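Quick note, the sequences are listed as chains A, B and C, same order. Residue numbers 273 to 677, in the numbering used here, belong to the letters of the first sequence in order. Residue numbers 11 to 295, in the numbering used here, belong to the letters of the second sequence in order. Residue numbers 32 to 296, in the numbering used here, belong to the letters of the third sequence in order.
Keep in mind that the hints were calculated from the coordinates and are not lab data. Nothing here was measured: the structure is a model prediction, and the numbers come from that model. It is possible that part of the hints are untrue.
To be verified - From the structure, some residues in chain B lie toward chain A, with a derived Cβ separation under 10 angstroms:
id	residue
1	Arg-74
2	Gly-247
3	Ser-249
No residue lacks a Cβ here, since even glycine has one placed at the ideal position from N, Cα and C.
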Amino acid sequence: MTRMMTAIGALLIAGTAQAQDGDALLAMSWDEIVETARGGEVNIFMWGGADTINAYVSDYIGGILADEYDITLNRVPLADTAEAVNIVLGEVEAGAGMDDGAVDMIWINGENFRTMKQGDLVWCGYVDKLPNASLVDFENPAIANDFGVPVEGCEVPWSRVQFAFAHDTARTPEPPRSIPELLDWIEANPGRFTYPAPPDFTGAAFVRHVFTHAAGGADALVGPFDQEKFDAVAADTWEILNGIEPHLWREGVTYPTSITQLQQMFANQEVDLFFTYDPAEIGTAVENGIFPETAMSYGLSDGTLANTNYMAIPVNAANKAAALVTQNLLLSGEAQLEKAQPEIWGAAAVIEPSRASAEVQEGFATLERHPSVVPVEELGQAALPELTPDWTRAIEDGWIRNVGN
Amino acid sequence: MAGSATSAIEVIGRGHPWLSLAPALCVIAVLFGGGLVLGLAGSFGMGRGGAGVDAWIAVLSEGRVWRSLGLSLWIAFASTALACLIGLGAALLLRRRFPGQGLARLLFQINLTIPHAVGALGILWLLSQSGFVSRLSAGAGLIDGPAGFPALTQDRFAIGIIAHYVWKEVPFIGLILLANMQSLGDDPESAARSLGASPFAAMRLVLLPLLMPALIRAGAIVFAFSFGAWEVPVLLGQSAPVALPVLAWQRFTDPDLATRPEAMAIAMLIALVAALLIRVAMVRR
Amino acid sequence: MSARWRLVLGLMLVVASMAPLLPLGLWSVARGWYFPQILPATWTLEPWARALSPRSDIPEAFVTTTAIALAAAALSLVLGIPAGRALGLYRFRGKALVELALLAPVIVPGIAVGLGIHGVFLRLGLTNSALGVVLVHLVPTLPYVVFVMSGVFANYDAAAEAQARSLGARPLQVLWHVMLPAIAPGVAVAGLFAFLVSWSQYILTLTIGGGRVVTLPLLLYAQAGAGRNDQAGVLAVLSLAPGLVILALVARRITGRGVMIGGAG
Numbered sequence: 273m274t275r276m277m278t279a280i281g282a283l284l285i286a287g288t289a290q291a292q293d294g295d296a297l298l299a300m301s302w303d304e305i306v307e308t309a310r311g312g313e314v315n316i317f318m319w320g321g322a323d324t325i326n327a328y329v330s331d332y333i334g335g336i337l338a339d340e341y342d343i344t345l346n347r348v349p350l351a352d353t354a355e356a357v358n359i360v361l362g363e364v365e366a367g368a369g370m371d372d373g374a375v376d377m378i379w380i381n382g383e384n385f386r387t388m389k390q391g392d393l394v395w396c397g398y399v400d401k402l403p404n405a406s407l408v409d410f411e412n413p414a415i416a417n418d419f420g421v422p423v424e425g426c427e428v429p430w431s432r433v434q435f436a437f438a439h440d441t442a443r444t445p446e447p448p449r450s451i452p453e454l455l456d457w458i459e460a461n462p463g464r465f466t467y468p469a470p471p472d473f474t475g476a477a478f479v480r481h482v483f484t485h486a487a488g489g490a491d492a493l494v495g496p497f498d499q500e501k502f503d504a505v506a507a508d509t510w511e512i513l514n515g516i517e518p519h520l521w522r523e524g525v526t527y528p529t530s531i532t533q534l535q536q537m538f539a540n541q542e543v544d545l546f547f548t549y550d551p552a553e554i555g556t557a558v559e560n561g562i563f564p565e566t567a568m569s570y571g572l573s574d575g576t577l578a579n580t581n582y583m584a585i586p587v588n589a590a591n592k593a594a595a596l597v598t599q600n601l602l603l604s605g606e607a608q609l610e611k612a613q614p615e616i617w618g619a620a621a622v623i624e625p626s627r628a629s630a631e632v633q634e635g636f637a638t639l640e641r642h643p644s645v646v647p648v649e650e651l652g653q654a655a656l657p658e659l660t661p662d663w664t665r666a667i668e669d670g671w672i673r674n675v676g677n
Numbered sequence: 011m012a013g014s015a016t017s018a019i020e021v022i023g024r025g026h027p028w029l030s031l032a033p034a035l036c037v038i039a040v041l042f043g044g045g046l047v048l049g050l051a052g053s054f055g056m057g058r059g060g061a062g063v064d065a066w067i068a069v070l071s072e073g074r075v076w077r078s079l080g081l082s083l084w085i086a087f088a089s090t091a092l093a094c095l096i097g098l099g100a101a102l103l104l105r106r107r108f109p110g111q112g113l114a115r116l117l118f119q120i121n122l123t124i125p126h127a128v129g130a131l132g133i134l135w136l137l138s139q140s141g142f143v144s145r146l147s148a149g150a151g152l153i154d155g156p157a158g159f160p161a162l163t164q165d166r167f168a169i170g171i172i173a174h175y176v177w178k179e180v181p182f183i184g185l186i187l188l189a190n191m192q193s194l195g196d197d198p199e200s201a202a203r204s205l206g207a208s209p210f211a212a213m214r215l216v217l218l219p220l221l222m223p224a225l226i227r228a229g230a231i232v233f234a235f236s237f238g239a240w241e242v243p244v245l246l247g248q249s250a251p252v253a254l255p256v257l258a259w260q261r262f263t264d265p266d267l268a269t270r271p272e273a274m275a276i277a278m279l280i281a282l283v284a285a286l287l288i289r290v291a292m293v294r295r
Numbered sequence: 032m033s034a035r036w037r038l039v040l041g042l043m044l045v046v047a048s049m050a051p052l053l054p055l056g057l058w059s060v061a062r063g064w065y066f067p068q069i070l071p072a073t074w075t076l077e078p079w080a081r082a083l084s085p086r087s088d089i090p091e092a093f094v095t096t097t098a099i100a101l102a103a104a105a106l107s108l109v110l111g112i113p114a115g116r117a118l119g120l121y122r123f124r125g126k127a128l129v130e131l132a133l134l135a136p137v138i139v140p141g142i143a144v145g146l147g148i149h150g151v152f153l154r155l156g157l158t159n160s161a162l163g164v165v166l167v168h169l170v171p172t173l174p175y176v177v178f179v180m181s182g183v184f185a186n187y188d189a190a191a192e193a194q195a196r197s198l199g200a201r202p203l204q205v206l207w208h209v210m211l212p213a214i215a216p217g218v219a220v221a222g223l224f225a226f227l228v229s230w231s232q233y234i235l236t237l238t239i240g241g242g243r244v245v246t247l248p249l250l251l252y253a254q255a256g257a258g259r260n261d262q263a264g265v266l267a268v269l270s271l272a273p274g275l276v277i278l279a280l281v282a283r284r285i286t287g288r289g290v291m292i293g294g295a296g
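Sequences are here, hints too, so could you generate the full structure?
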């Protein structure tokens, strides 16, 4: 009870924390940064929809921060990452003091990162300061580019995810394993498939798979946005998607509004296929009783999109030193290994295990996986690079205008 | 402490009415008025360098906005009409004594205290194609699977949304009417009946006109709420068109910050339409 | 209509009122309850154990929600009672305009002003704090309190105060011994409904609290949005609690005059 009252008290005075100047921090050594951070707090704003992820951050990361650095980690759950971007933007627009923002760190990627980078809302140029950054291969284009946007030291990678489908082996033993097979399957199984309407994140990713298929492969879409190419591919894409519409759930008159609605429909046997941008979620859903144990995730033979997600520090963050210490901890071999454990989260690491300690290497070598989750290696054999935000935005808008009306 | 207590008494005790009104008016002016003014300014792109009507032109020339407006108007009109009708029936039912009347009245009020989010989730799990009623139907052999059950949530006609508002607001309307009936007493109707009017005519010609002002006031509140609420259509609505408040929120949280003035413009449109329609209803009375 | 018909119709009304609560309650004690199971195949108290465990956000959110709703209700009463008294007892120029201004927040949807209020609060440094959330909850709660209290004061005999004063009572004594007892039932109803309206807020809490102020409705949408129906069920049942308690306490009183309120929370 007292603890809760203190928490409410802390909320009431939030925002008055000691300001920290980014440039001054960059001039310090790592040890000095750690000393500056000691005894402070860090406010991490992140999507809060999964207990496993929440527990990993609050308990495991928060525990180490408290024990070793005396830093208090406040995890702020979001329904949508854009909310955090909006908070930072609002603060910067209102001209609030430069170093007393409420947000110290955001779990982010894609268009939200692009918005922050273009709007000078994100703090850059500190990555070299993090000792554990040496574990990351920043030459890897999949890490150096966030949905095609060069990262350029403005955020630090956290996990890799790759899109995967899921079926119930008891109900649909032979699911379609490529986009063309899926399109045929939909026609043969009317009413048993649908996808969430963009701007839902996962629904938009599904549409990008069809778009990539219509373009004849991912290689055709690499690089900056090209209106002519877009117009040509988009016309085919809308034709395909409008063509399958009569065979979709509710004849395509309406679409699920969120990936959660599709998840519930899959669980309730309203549709036969599910998909997710984080295959570990299938294992979690089985553990939580949402999906039956016969639910199984799988990849596509023509590849599925993969992306990296990151942690970014807003330019006006009040606790930049503590945020740096936290980012360094997130990149440590031990923390990345813990995160990869199936019962913890099952998220793929962004570090090169070969650069980590022997114990960590051993841990990654003997990592088990949830029986319902497709192995990372199997999925990774056909990973497609994500399109740049200009492409994804144009595809979303085009879908809404041409398909989803 | 003593000083502030005395001044509080002056305000409450005697004083000029304006003195007593000032604190409440100030709070509403700053929070509500300030919010409206800044929302309006935001819709004209102020506070981000330029000022212009771009967002308004974009919003008003967009077919999606008009379809959303149409949907929200349909939701509000249908919910208000049904809630008023059923609320009136419930009030007429509950004003006379019958066994269990006290308990019925008590249970009838529970909905008033339930948050909209809770009610909407309950309606979703009750009426969706794989919800409780659908499962009962499947258990009784009436349908083969979820697809056999009619689409009552996330559907084209916003049935789920309307069902929620009716469910939630019938007790609101009903209790206001009950209170009014109690203060009117039986006299007006019994007078009409003693002059030879049938019970139905007495109700329609005597009681109903007397209840009308309260019914319109309560209906206006229901209309405004069901027109502008985000919590319910976001759970129970379909993908397109979405209710106008959902569209405003989508634009407000869009990663592309250029859409924020549009969000503000849609929000102002919601305020404008709600205020206008209610003004019309009040004047017609 | 015969009493029997009234009983049947009354029963239908009650069943329709209660029906949506049934799946909420069932989910809070179920695991993996999906089509075509009519009742959960697995009954379990695990959702409750998890919700009440030290790791859970729910107990703290319960306290936060209660504290915010108490503060918002108290503030609305402090501001709303004098305003209601002025509107109920006096006739003055511009009264209709004042009534309109104070009723406007009920008519103009919350989302329309919420986005703008966010800008106001940013400038005042009130975003992301419980204090800011309490203040923004006044927008929906204050109008209800003002109008309940103006109704109460319209039936209030101010002459009793003059009488007490002429007998030598001091202002504080008049307030305490004359006015308060007369308006107490109305104050209770207004306060309880202000509490419930604040308790139910989502969009204003999210916009102004910026996710830092975690209340039960925020957790409810988060869990429902993540497909954790069992946790959402627990949160839904918990969200019902104060309403049920209040209703039980004031069951008799509420059927009286004080029902000009509620509903559009």
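Checked hints:
no.	hint	verdict
1	Arg-74	holds (8 angstroms)
2	Gly-247	holds (7 angstroms)
3	Ser-249	holds (4 angstroms)
In summary, the structure agrees with every hint in the numbered list given earlier.
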